[in-house]
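Sequential numbering of the sequence shown, starting at 104, is according to my numbering.
In case anyone wonders, no lab produced these hints; they're calculated from the structure.
Please note that a few of the clues may not be correct.
[Unchecked claim] Restraint-style ranges between C-beta atoms, simulated for each label pair:
1. R114 x R214: 38 to 48 angstroms
2. D169 x S111: 15 to 25 angstroms
3. R228 x V116: 38 to 48 angstroms
Please read all numbers here as calculations on a predicted model, not as lab measurements.
Ideal Cβ positions, reconstructed from N, Cα and C, are used throughout, including at glycine.
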Amino acid sequence: MTLYTVESVKRNVSLWVAVDGGMSDNLRPMLYGAAYEAHVADRLHGATRCVLAGKHCESGDVLVRDALLDDPKPGDVIVTPATGAYGHAMASNYNGVPRPPVIFCREGDARVVVRRESFEDLTARDVL
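Take the sequences, apply the hints, and build the full model.
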């Protein structure tokens, strides 16, 4: 699964919920229409239809077009279950965004198996 934090909520024709990730960590919805569901982590089974959008300011940076969320607010954690291994395998540094960590969880224990990238990682190979 993938966890995101809500950065902003905006209502125009639709209710847009922007999170701290997007096409840099899950390109599958934009690339070939992979479908995901989403929930506010501590308020499952919402009924408010939302567009769950990424942070990259691209018209196609939409993770879930018709997410049913329970009153999303900035700071809420959004869970997208069953995102699978391809999120990490296909992740990029699009728009200079560091890749998120990978955490394995089992029986109440969690461990980092791929650390979060830092901004220093993004420039480590630059030649001055």
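Each hint, compared with the structure:
no.	hint	result
1	R114 x R214: 38 to 48 angstroms	40 angstroms, holds
2	D169 x S111: 15 to 25 angstroms	19 angstroms, holds
3	R228 x V116: 38 to 48 angstroms	43 angstroms, holds
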